[in-house]
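In this note's numbering, the protein residues as written are 304 to 846.
Simulated from the structure, these hints should not be mistaken for lab results. Using N, Cα and C, we set each Cβ at its ideal position, and we do this for glycine too. Please note: incorrect hints may appear among the correct ones.
Below, simulated DSS-like cross-link-like pairs (lysine-lysine); rule was C-alpha separation at most 27 Å, straight line [claimed, not checked]:
id	residue 1	residue 2
1	Lys-742	Lys-727
2	Lys-535	Lys-443
3	Lys-429	Lys-342
4	Lys-535	Lys-486
5	Lys-357	Lys-391
6	Lys-606	Lys-793
7	Lys-391	Lys-446
8	Lys-445	Lys-535
9	Lys-486	Lys-507
10	Lys-443	Lys-455
11	Lys-603	Lys-668
12	Lys-507	Lys-455
13	Lys-455	Lys-445
14	Lys-446	Lys-357
15	Lys-603	Lys-535
16	Lys-455	Lys-437
17	Lys-437	Lys-357
18	Lys-429	Lys-507
19	Lys-535	Lys-668
20	Lys-535	Lys-446
21	Lys-429	Lys-357
22	Lys-742	Lys-754
23	Lys-429	Lys-443
24	Lys-761	Lys-793
25	Lys-437	Lys-342
26	Lys-429	Lys-445
27	Lys-668	Lys-742
28	Lys-507	Lys-437
29	Lys-443	Lys-342
Listed next, with one range per pair, are the computed distances between beta-carbon atoms [what the hints assert, rightly or not]:
id	residue 1	residue 2	range
30	Leu-706	Arg-637	23 to 33 Å
31	Asp-744	Glu-715	30 to 40 Å
32	Glu-716	Glu-823	41 to 51 Å
33	Gly-456	Gly-613	51 to 61 Å
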Amino acid sequence: MSLTSANRFELLQMAESVAQEKNIDRGIVLEAMEESMAKAARMRYGQELDIRAKYNKETGDLTMQRVRTVVEEVENLSTEMTLEDAQKINPEYQLGSEHIEELPPVGVDQLDRINIQVAKQVIHRKVREAEMEKQYEEFKDKKGQIIVGTVKGVEQGNIIVELSIGETMIHRTQKISHENPEKGTRIRAYVTDVDQESRGPQVKLSRTANEFMRELFRSEVPEFYDGTIDIKCIARDPGSRAKIAVVSYDASIDPVGACVGMRGSRVQTVVNELQGERVDVIPWTENAFEFVTYALQPAKVSKGILDEQGNPTTIVVPDDQLSLAIGRRGQNVRLARSLTGLDIEIVTETYEREQRQEIMNQRQKLFMEAIDVDETFAHLLVTEGFDSIDYLAECTIDELLTLNGIDEAIAEELQSRAQNYVAKENEEILAEARRYGLKDDLAEFEGLTPKMLLELVKNEITTLEDFATLADWELSGGYNEIGGKQVWEKGLLEDFNINAEDALYLITSARVSIGWMKPEDIQAIYGEEDTEAESDQGAAEES
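Starting from the given sequences, assemble the full structure and let the hints guide the process.
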């Protein structure tokens, strides 16, 4: 049975009024009313019943229906019925069919006699859910953008911000430390996330995020929008100082100049927004050493000491530039490390020179003691690039003959002494490695020196199977991202100049030896390189 025309008119008016007031779709309000009417009907006819309210949007009728499901075995008489009973009503009913009975309506004018408060609560809840969904849909696409709000106050260091959807806050960890905006002022912030929660969409804001600075520059520098320039990376000490690295994809445009602007106008706008945060704009380059040099500005760099991957690990600066390179409380070098992702060390020219001399002195002393030569001869070997007894033992006689004052007899004697020293040292090292648990299969594996074996067993790699389980970077070293920074993790055999390719070959060879891989698997890995090498060699011979 349907509502009377008077009740129907009242229902439509109520839906229209709430929809306009809350600025939501009328259909959502009507759904809320359907639920509230169904709940009111259950209070009248029985809470255990499955009662549904149906609103016909075409006719405006609202009907009440009791629904029972056809089942094989009835467990709840209020909501279920047997197939036999159902087919007495309608022979076409099957298991799973729903038998619908129309009930006398509960009109809007009757709600106060049942429980008008309950109905209001249902409508309020449904309308609130619709409001929150609308607000979420409105704001979810603002993630990654800058929005503007009004400051309502500051509580316990948190900035309370009024937005169109209600209040949110800039947490004290996400605001610039010394800023304390006045109530009623406009404030800009970066939307880091929009969460859909039971109490409504929660807009998370930040003024310390690197992305906030990125978007501020994008709003000031038109060249960003056409893709001419780009910000590659940012490092910030919010409210104090920042460094940004920019690149241009058009040789005619200077990316630094574009970001700084005429007489610094563009960068100054960003600085003002960030409460005086000083911004260093530097050019980005793929050359790691050049990039670090730019990142350490305004300090001047003399040179860098690079690792095998060409990344600087130690930066040498003039003695009078050390404090400038490090910066107040280490700020300059800290920002440079964050910007480049490299864990660089800053040393002075004097310190680097003393360290280099100390290394030379140690090598001289080693040669004097190991092969029984005087200081002058040891100095000659070191200055000519002989950095270890191993190298002297393995080099060719011709290499030694290039040294001033060395004839063949002396060269052979030097190498003989070096080889004897190395052989004795290797015996001692192997004996020590066995005390650590070195097994024969690893000791006999070709490609690993006694010193390498000792380093491995000290790290609990005692068998060939242990060795075969390693990854190449665990031997050679490699970069891993930790806390957003590229950090070099030292390899077990890094000190022995084992690169990633050598490490991979050793590990795959070990896997072949224990049967984890087939010999042709190695060929599959290196075959392409060998084929290219043979092709190059053939082309050279033809030419």
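Taking the hints in turn, this is what the structure says about them:
no., hint, in the structure
1, Lys-742 - Lys-727, "holds (20 Å)"
2, Lys-535 - Lys-443, "holds (26 Å)"
3, Lys-429 - Lys-342, "holds (13 Å)"
4, Lys-535 - Lys-486, "violated (36 Å)"
5, Lys-357 - Lys-391, "holds (26 Å)"
6, Lys-606 - Lys-793, "holds (23 Å)"
7, Lys-391 - Lys-446, "violated (59 Å)"
8, Lys-445 - Lys-535, "holds (22 Å)"
9, Lys-486 - Lys-507, "holds (20 Å)"
10, Lys-443 - Lys-455, "holds (23 Å)"
11, Lys-603 - Lys-668, "violated (35 Å)"
12, Lys-507 - Lys-455, "holds (16 Å)"
13, Lys-455 - Lys-445, "holds (21 Å)"
14, Lys-446 - Lys-357, "violated (38 Å)"
15, Lys-603 - Lys-535, "holds (23 Å)"
16, Lys-455 - Lys-437, "holds (23 Å)"
17, Lys-437 - Lys-357, "holds (24 Å)"
18, Lys-429 - Lys-507, "holds (25 Å)"
19, Lys-535 - Lys-668, "violated (48 Å)"
20, Lys-535 - Lys-446, "holds (20 Å)"
21, Lys-429 - Lys-357, "holds (16 Å)"
22, Lys-742 - Lys-754, "holds (15 Å)"
23, Lys-429 - Lys-443, "holds (21 Å)"
24, Lys-761 - Lys-793, "holds (15 Å)"
25, Lys-437 - Lys-342, "holds (25 Å)"
26, Lys-429 - Lys-445, "holds (25 Å)"
27, Lys-668 - Lys-742, "violated (34 Å)"
28, Lys-507 - Lys-437, "holds (18 Å)"
29, Lys-443 - Lys-342, "violated (33 Å)"
30, Leu-706 - Arg-637: 23 to 33 Å, "violated (47 Å)"
31, Asp-744 - Glu-715: 30 to 40 Å, "holds (36 Å)"
32, Glu-716 - Glu-823: 41 to 51 Å, "holds (47 Å)"
33, Gly-456 - Gly-613: 51 to 61 Å, "holds (53 Å)"
Hint violations for this structure: numbers 4, 7, 11, 14, 19, 27, 29 and 30, all remaining hints satisfied.
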